[in-house]
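Using the sequences and the accompanying hints, generate a full structural model.
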Amino acid sequence: MKKCSKENIYKVFNALSSDYSVYVPVKEENRTFYKKYFDGVVLAENFKTDRSAKDFFFPQSEDLMKFKTQGKSIEIIDEREESEDFIIFGVPACDEASLRILDRVFLAEPVDTYYQNKREHGVIITTACSRPEASCFCSTFDIDMARPQGDIRTYKIGDYFYFEGLTDKGNKVLDKVNALLEDVDQGEVEKEIENIQKVKEKLPLKDLSVKDFGADKTQEFFDRKEWAELSNACLGCGTCTFVCPTCQCYDIKDFNTGKGVQRYRCWDSCMYSDFTKMAHGNSRNSQMERFRQRFMHKLVYFPTNNDGVFSCVGCGRCVSKCPISMNIVKVIKTLSKGGENE
Amino acid sequence: MSEPLIPIVGVITDVRIDTPDVKTFRVVTVDGKKAFEHKPGQCAMLSIPGIGEAMFSITSSPTNTEFMEFSIKKCGCVTEWLHSAEVGQQITIRGPYGNAFPVDTAFKGKDLLFVAGGIGLAPLRSVINYVRHYKDQYGKIDVVYGSRSKEDLVDYNEIIEEWQNDPQVSVHLTIDREQEGWDGHVGFVPNYVKELNFTTDKTVVLCGPPIMIKFTLEGLKSLGFSQTQIFTTMELKMKCGIGKCGRCNIGSKYVCKDGPVFRMDQLSELPDEY
Amino acid sequence: MQKITRESLIQKGVELLENGTVDRILGWGKGEFGYDITPTVFYDKESFSKNFEFSSFCGANFSKYLLKETRKGGKILVFIKPCDSYSFNQLLTEHRFDKDKVYVVGISCEGMADVNKIKQKYGEIASVKEDENGITISTLYDGDKTILLDEVLLERCKVCKGKECVYFDEFIGEVKENNPQDRFEKVSALEKMSADERFAFWQNELSRCIRCNACRDVCPACTCEKCVFDNPNSGVENKAISDSFEEKMFHIIRAFHVAGRCTDCGECSRVCPQGIPLHLLNRKFIKDINGFYGEYQAGKEIGSRAPLVNYKKDDLEPSEAVKREEE
Numbered sequence: 001m002k003k004c005s006k007e008n009i010y011k012v013f014n015a016l017s018s019d020y021s022v023y024v025p026v027k028e029e030n031r032t033f034y035k036k037y038f039d040g041v042v043l044a045e046n047f048k049t050d051r052s053a054k055d056f057f058f059p060q061s062e063d064l065m066k067f068k069t070q071g072k073s074i075e076i077i078d079e080r081e082e083s084e085d086f087i088i089f090g091v092p093a094c095d096e097a098s099l100r101i102l103d104r105v106f107l108a109e110p111v112d113t114y115y116q117n118k119r120e121h122g123v124i125i126t127t128a129c130s131r132p133e134a135s136c137f138c139s140t141f142d143i144d145m146a147r148p149q150g151d152i153r154t155y156k157i158g159d160y161f162y163f164e165g166l167t168d169k170g171n172k173v174l175d176k177v178n179a180l181l182e183d184v185d186q187g188e189v190e191k192e193i194e195n196i197q198k199v200k201e202k203l204p205l206k207d208l209s210v211k212d213f214g215a216d217k218t219q220e221f222f223d224r225k226e227w228a229e230l231s232n233a234c235l236g237c238g239t240c241t242f243v244c245p246t247c248q249c250y251d252i253k254d255f256n257t258g259k260g261v262q263r264y265r266c267w268d269s270c271m272y273s274d275f276t277k278m279a280h281g282n283s284r285n286s287q288m289e290r291f292r293q294r295f296m297h298k299l300v301y302f303p304t305n306n307d308g309v310f311s312c313v314g315c316g317r318c319v320s321k322c323p324i325s326m327n328i329v330k331v332i333k334t335l336s337k338g339g340e341n342e
Numbered sequence: 001m002s003e004p005l006i007p008i009v010g011v012i013t014d015v016r017i018d019t020p021d022v023k024t025f026r027v028v029t030v031d032g033k034k035a036f037e038h039k040p041g042q043c044a045m046l047s048i049p050g051i052g053e054a055m056f057s058i059t060s061s062p063t064n065t066e067f068m069e070f071s072i073k074k075c076g077c078v079t080e081w082l083h084s085a086e087v088g089q090q091i092t093i094r095g096p097y098g099n100a101f102p103v104d105t106a107f108k109g110k111d112l113l114f115v116a117g118g119i120g121l122a123p124l125r126s127v128i129n130y131v132r133h134y135k136d137q138y139g140k141i142d143v144v145y146g147s148r149s150k151e152d153l154v155d156y157n158e159i160i161e162e163w164q165n166d167p168q169v170s171v172h173l174t175i176d177r178e179q180e181g182w183d184g185h186v187g188f189v190p191n192y193v194k195e196l197n198f199t200t201d202k203t204v205v206l207c208g209p210p211i212m213i214k215f216t217l218e219g220l221k222s223l224g225f226s227q228t229q230i231f232t233t234m235e236l237k238m239k240c241g242i243g244k245c246g247r248c249n250i251g252s253k254y255v256c257k258d259g260p261v262f263r264m265d266q267l268s269e270l271p272d273e274y
Numbered sequence: 001m002q003k004i005t006r007e008s009l010i011q012k013g014v015e016l017l018e019n020g021t022v023d024r025i026l027g028w029g030k031g032e033f034g035y036d037i038t039p040t041v042f043y044d045k046e047s048f049s050k051n052f053e054f055s056s057f058c059g060a061n062f063s064k065y066l067l068k069e070t071r072k073g074g075k076i077l078v079f080i081k082p083c084d085s086y087s088f089n090q091l092l093t094e095h096r097f098d099k100d101k102v103y104v105v106g107i108s109c110e111g112m113a114d115v116n117k118i119k120q121k122y123g124e125i126a127s128v129k130e131d132e133n134g135i136t137i138s139t140l141y142d143g144d145k146t147i148l149l150d151e152v153l154l155e156r157c158k159v160c161k162g163k164e165c166v167y168f169d170e171f172i173g174e175v176k177e178n179n180p181q182d183r184f185e186k187v188s189a190l191e192k193m194s195a196d197e198r199f200a201f202w203q204n205e206l207s208r209c210i211r212c213n214a215c216r217d218v219c220p221a222c223t224c225e226k227c228v229f230d231n232p233n234s235g236v237e238n239k240a241i242s243d244s245f246e247e248k249m250f251h252i253i254r255a256f257h258v259a260g261r262c263t264d265c266g267e268c269s270r271v272c273p274q275g276i277p278l279h280l281l282n283r284k285f286i287k288d289i290n291g292f293y294g295e296y297q298a299g300k301e302i303g304s305r306a307p308l309v310n311y312k313k314d315d316l317e318p319s320e321a322v323k324r325e326e327e
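Protein chains in written order, with our numbering: chain A, 1 to 342; chain B, 1 to 274; chain C, 1 to 327.
You may find that some hints are simply not true.
To be verified - Only pairs whose alpha carbons sit at most 25 Å apart, straight line, appear in this in silico SDA-like list of lysine to any residue:
1. Lys217/A to Thr228/B
2. Lys72/A to Ile17/B
3. Lys333/A to Ser49/C
4. Lys101/C to Ser49/C
5. Lys330/A to Glu46/C
6. Lys72/A to Asp104/B
7. Lys158/C to Arg31/A
8. Lys75/C to Glu46/C
9. Lys117/C to Arg131/A
10. Lys277/A to Glu66/B
11. Lys34/B to Ser84/B
12. Lys45/C to Trp227/A
13. Lys169/A to Ile77/A
14. Lys117/C to Val199/A
15. Lys36/A to Asp85/A
16. Lys34/B to Gly71/A
17. Lys119/C to Ala146/A
18. Lys333/A to Lys50/C
19. Lys75/C to Tyr141/C
20. Lys118/A to Asp254/A
21. Lys74/B to Asp230/C
22. Lys226/C to Asp274/A
23. Lys330/A to Lys119/C
24. Lys330/A to Ser49/C
25. Lys135/B to Asp104/B
26. Lys72/A to Lys33/B
27. Lys6/A to Tyr141/C
28. Lys226/C to Ile51/B
29. Lys225/A to Arg24/C
30. Lys99/C to Arg24/C
31. Lys145/C to Asn195/A
32. Lys198/A to Ser127/C
33. Lys68/C to Phe229/C
34. Lys117/C to Lys118/A
Said to hold, decoys possible - Label pairs and their computed distance ranges (CB to CB):
35. Arg208/C to Leu166/A: 28 to 38 Å
36. Ala228/A to Arg148/B: 52 to 62 Å
37. Cys224/C to Ala228/A: 18 to 28 Å
38. Phe222/A to Lys312/C: 51 to 61 Å
39. Gln181/C to Asp78/A: 50 to 60 Å
40. Asp23/C to Lys337/A: 24 to 34 Å
In short, the hints are calculated from the structure, not lab data. Values in this document were obtained by computation on a predicted structure and should not be read as measured data. Built from N, CA and C at the ideal position, the CB exists for glycine as well.
Next up, the structure:
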């Protein structure tokens with residue numbers, strides 16, 4: 001365990017900037033987002049960003065390849081390049097957990113090399129949450145906001161940052177700034193973890209349980225009549241899917257640049273009416289079906305295919321961003337058999 | 001590092017007009033070889049840069065070592081563009097995708113009954129020609145195939161010249177309505193299947209429009225077939241082909257990865273969302 | 001006339017359900033925290049009495065839901081705030097639904113609260129309560145606070161266009177004096193910028209767009225059966241930025257398409273998850289239309305002809321409009 005003062009953290013960022021692009025959470029005009037660190041950038045008070053760290057690995061829009069066509073012939077130009085080495089600082093436990101969920105999709109055979117490339121070059125420095133939001137419910141998914149995973153785990157306690165390397169990749173980063181860090185024992189951190197446990201008890205959604213959901217429960221939930229009521233006001237926009245750190249559905253599209261064709265992928269949403277639309281039919285015609293798909297995927301289908309792991313980390317972004325305030329919390333509560341979630 | 005989303009360039013070396021809205025395209029790589037090996041029932045993603053990608057079942061048999069064929073019905077942007085393509089046109093191709101018909105397990109040693117309607121024959125042609133090739137390993141083959149009219153029967157020439165002359169194969173053709181120059185059976189596929197009164201020792205492979213599948217299943221049930229004997233192949237919207245883009249799922253199964261071939265009893269356990 | 005409360009609205013709703021005027025109610029449904037209201041259709045008085053909510057967090061404009069609801073049988077009760085009634089009228093003007101399938105209870109409104117403003121100011125909120133003294137919020141880390149509605153009003157309520165409903169079958173509540181701020185203040189400030197400054201302003205704002213389409217999907221003026229941006233055959237269907245200009249096109253085209261029909265309900269900005277002040281684009285059009293053709297408020301009267309689609313001989317010549325804009 002190492003520590004450095006709040007002032008020295010900027011020296012740490014500076015030192016790391018020579019080998020890495022360092023992204024840190026900043027707050028500007030009521031918005032919290034990751035900004036590439038340069039001299040003078042000031043850390044936000046609260047590190048939870050409006051959009052999650054997913055965007056670094058699975059960006060909103062990403063070029064896949066180029067085509068040059070001439071007459072009847074086609075040339076495919078593979079424009080993949082090795083990603084830069086980068087560090088994301090201050091990632092909360094939920095968002096780090098979401099990356100391991102994305103790994104289950106993108107790193108499963110056949111491996112998505114666009115994602116893999118960035119994942120291999122990215123270093124995740126997490127920070128324990130001492131001030132979670134009212135909409136947070138990560139503990140529902142057994143994520144511990146006091147003991148986040150990642151390459152390096154940090155705690156912000158008083159005037160100091162405490163560092164703990166968790167992986168080789170993380171330790172390599174800490175070695176580079178060893179001169180700026182001092183050795184400390186676990187004492188302060190243990191106290192902070194206790195404090196966070198107390199904070200967790202205050203969270204309005206702390207008792208939310210998903211015990212009724214999980215693998216192989218498709219038949220139990222698919223035909224529930226409550227879906228109609230839950231989805232009735234859904235606008236069919238993509239807000240929940242785009243702010244979600246685990247949503248990863250995408251579309252592949254071609255764009256004629258005038259000089260050739262750029263094939264790119266971009267976020268897509270199961271909430272959109274054309275998501276499953278083909279020339280001769282649509283497997284999910286109504287908004288109810290599309291709404292159901294999103295939550296069945298997170299609470300049943302994904303666990304079925306992934307050893308019982310849910311594809312929600314309880315970050316609460318959909319809870320605070322949905323235009324009609326319909327969200328996975330309300331879905332879980334409505335469809336649970338009663339008892340715990342009442 | 002190979003990337004599954006990046007295709008290779010293929011060349012259309014032959015275009016055959018099958019019906020007023022179906023053409024069959026022969027595709028090889030730029031150096032004249034077969035693009036990749038596949039199993040009967042698998043699919044490939046074809047694309048024309050600037051128009052987009054679309055998934056098609058590989059119509060030719062894996063036993064064909066020289067090229068692949070795709071029978072494609074005109075119904076969307078990509079297919080429309082393909083229908084206007086000429087020999088020599090390059091396209092892109094990636095695959096193979098999905099599972100295959102269980103030719104090495106469930107089909108082994110069995111009498112096989114293929115039931116298809118319209119363009120639904122395309123995905124079955126691969127497996128029909130595969131089992132014809134390895135005839136010793138399979139029993140008798142029955143093909144019930146129907147279409148709106150004689151002109152709409154896909155691969156009519158192959159059916160007449162090859163399948164009907166194959167002693168192992170019995171072909172039962174039908175068209176929806178009476179037509180001049182047609183002395184074969186007239187009527188819908190589901191009824192014809194019932195009329196033919198097949199014995200229930202056969203393994204069935206079914207592909208066609210949803211309404212045909214629905215009524216054929218009812219017909220087969222009344223003849224005493226069980227769902228575990230019946231296989232079908234599905235088509236939903238696909239973009240990636242590798243189970244990641246998230247749209248072709250039926251419940252927890254992705255058609256591009258866990259399908260497109262499903263046994264009827266497995267399919268009936270999935271949500272009715274296809 | 002009395003001040004409307006949750007109880008008075010429940011009483012009204014139950015009465016109309018019981019006497020058969022309507023068979024269901026479109027109202028605000030309770031959330032987890034008191035401020036997270038979901039538009040809900042209630043079919044019986046029990047669930048309505050239990051789950052209906054009315055507070056200063058009922059900003060959601062129900063007019064657009066009537067497109068879907070009026071296609072079902074029966075008659076629906078809808079609670080309409082003054083500013084929602086403009087959207088309601090505008091939709092009737094555009095023949096988007098059958099008003100005979102709706103029973104409108106107009107309700108007075110003293111403005112709605114912006115929960116994001118409260119969060120920015122007071123931190124995380126575990127729950128909210130409201131009574132005659134104001135809004136009491138229980139914060140997670142800073143105890144309870146009582147705040148005044150006036151300090152946390154939604155932007156659109158600060159520039160309220162009127163406290164009277166322009167459409168209703170019956171009206172309840174009391175109409176209070178209205179002292180709105182100048183709603184064109186920010187537009188004027190943008191007009192005074194140089195073209196480069198203005199471009200930089202919008203580039204900064206619109207670069208955050210994630211193309212979730214929430215602005216479009218909530219907009220009561222966006223009621224096309226198939227939006228051009230969702231139609232693969234349109235050639236402009238794009239879910240993401242193919243280049244940086246594309247993104248601006250989406251919002252600018254949308255602003256053009258609703259020009260003259262936009263009632264300035266402000267829902268686009270309220271729902272934007274990225275906090276983009278989209279209403280400013282629409283307000284620029286409203287300001288120009290007012291300036292060029294005389295004051296016009298979309299939705300004020302059913303059947304009114306918007307200046308942009310209503311040729312008059314004394315209309316301003318386009319060249320004159322351009323000249324004025326340059327001055």
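For each hint, the structure was consulted:
1. Proposed proximity of Lys217/A and Thr228/B is supported: the alpha carbons are some 22 Å apart, at most 25 Å.
2. Taking the CA atoms of Lys72/A and Ile17/B, the gap is near 20 Å; set against the 25 Å cutoff, the hint holds.
3. At roughly 20 Å between alpha-carbon atoms, Lys333/A and Ser49/C fall within 25 Å of each other, so this suggested pair holds.
4. With a C-alpha separation of about 23 Å, the suggested pairing of Lys101/C with Ser49/C holds against the 25 Å cut-off.
5. Distance check on the hinted pair: Lys330/A and Glu46/C sit about 19 Å apart at the alpha-carbon level, within 25 Å; holds.
6. Straight-line distance between C-alpha atoms of Lys72/A and Asp104/B comes to about 40 Å, which puts the hinted pair past the 25 Å bound.
7. A hinted pair counts as satisfied when its Cα atoms are at most 25 Å apart, and Lys158/C with Arg31/A qualifies at roughly 22 Å.
8. Between Lys75/C and Glu46/C, the direct Cα distance comes to roughly 19 Å. Compliance with the 25 Å bound is thereby established for this hinted pair.
9. For the given pair, Lys117/C sits about 19 Å from Arg131/A by alpha-carbon distance, which is consistent with the 25 Å threshold.
10. For a cut-off of 25 Å, the pair hint linking Lys277/A to Glu66/B is broken: about 35 Å separates their Cα positions.
11. For the hint linking Lys34/B to Ser84/B, the alpha-carbon distance of about 23 Å falls within 25 Å, and the restraint holds.
12. Note on Lys45/C and Trp227/A: the hinted pairing holds, with a Cα-Cα distance of about 21 Å set against a maximum of 25 Å.
13. For a cut-off of 25 Å, the pair hint linking Lys169/A to Ile77/A is broken: about 32 Å separates their Cα positions.
14. With a C-alpha separation of about 23 Å, the suggested pairing of Lys117/C with Val199/A holds against the 25 Å cut-off.
15. Restraint check for Lys36/A and Asp85/A: the C-alpha separation of about 13 Å stays at or below 25 Å, so the hint holds.
16. Our distance criterion of 25 Å between C-alpha atoms is met by Lys34/B and Gly71/A, whose separation comes to about 23 Å.
17. With a CA separation close to 23 Å, the supplied pair Lys119/C and Ala146/A stays within the 25 Å bound.
18. Between the alpha carbons of Lys333/A and Lys50/C the distance comes to roughly 16 Å, so the proposed pair stays at or under 25 Å and holds.
19. Among the hinted pairs, Lys75/C with Tyr141/C is inconsistent with the structure: their alpha-carbon atoms are about 46 Å apart, more than 25 Å.
20. Restraint check for Lys118/A and Asp254/A: satisfied, since their Cα atoms lie roughly 23 Å apart, inside the 25 Å limit.
21. Between Lys74/B and Asp230/C the alpha-carbon distance is near 22 Å, which keeps this suggested pair within the 25 Å criterion.
22. Under the criterion of a C-alpha separation no larger than 25 Å, the hint pairing Lys226/C with Asp274/A is consistent with the structure, at around 10 Å.
23. For the hint linking Lys330/A to Lys119/C, the alpha-carbon distance of about 21 Å falls within 25 Å, and the restraint holds.
24. Taken as a hint, the Lys330/A and Ser49/C pair is honoured in the structure, with Cα atoms around 19 Å apart against an allowance of 25 Å.
25. Annotation: proposed proximity of Lys135/B to Asp104/B holds, straight-line Cα distance about 13 Å (limit 25 Å).
26. Distance hint between Lys72/A and Lys33/B is fulfilled; the C-alpha atoms sit about 18 Å from each other, no more than 25 Å.
27. Distance check on the hinted pair: Lys6/A and Tyr141/C sit about 22 Å apart at the alpha-carbon level, within 25 Å; holds.
28. At most 25 Å may separate the alpha-carbon atoms for a hinted pair to count; Lys226/C and Ile51/B meet this at roughly 21 Å.
29. A threshold of 25 Å between alpha carbons decides the hint, and for Lys225/A with Arg24/C the separation of about 18 Å falls inside it, so the pair holds.
30. A C-alpha spacing of about 15 Å is found between Lys99/C and Arg24/C, which places the hinted pair at or below 25 Å, so the restraint holds.
31. This hinted pair checks out: Lys145/C and Asn195/A have alpha carbons roughly 24 Å apart, not beyond 25 Å.
32. With a C-alpha separation of about 19 Å, the suggested pair Lys198/A and Ser127/C falls inside the 25 Å cut-off, and the hint holds.
33. About 21 Å separates the Cα atoms of Lys68/C and Phe229/C, which keeps this hinted pair within 25 Å; it holds.
34. Among the hinted pairs, Lys117/C with Lys118/A is inconsistent with the structure: their alpha-carbon atoms are about 36 Å apart, more than 25 Å.
35. For Arg208/C paired with Leu166/A, a C-beta distance near 32 Å keeps the hint of 28 to 38 Å intact.
36. For Ala228/A and Arg148/B, the hinted distance range of 52 to 62 Å is not satisfied, since their beta carbons lie about 38 Å from each other.
37. Between Cys224/C and Ala228/A the C-beta distance comes to about 25 Å, which sits within the given range of 18 to 28 Å.
38. The supplied range of 51 to 61 Å is met by Phe222/A and Lys312/C, whose beta-carbon atoms lie about 58 Å from each other.
39. Restraint check, Gln181/C to Asp78/A: a C-beta distance of roughly 56 Å satisfies the suggested window 50 to 60 Å.
40. Checked against the hint of 24 to 34 Å, the pair Asp23/C and Lys337/A passes, with Cβ atoms roughly 30 Å apart.
The earlier numbered hints that this structure contradicts are 6, 10, 13, 19, 34 and 36.
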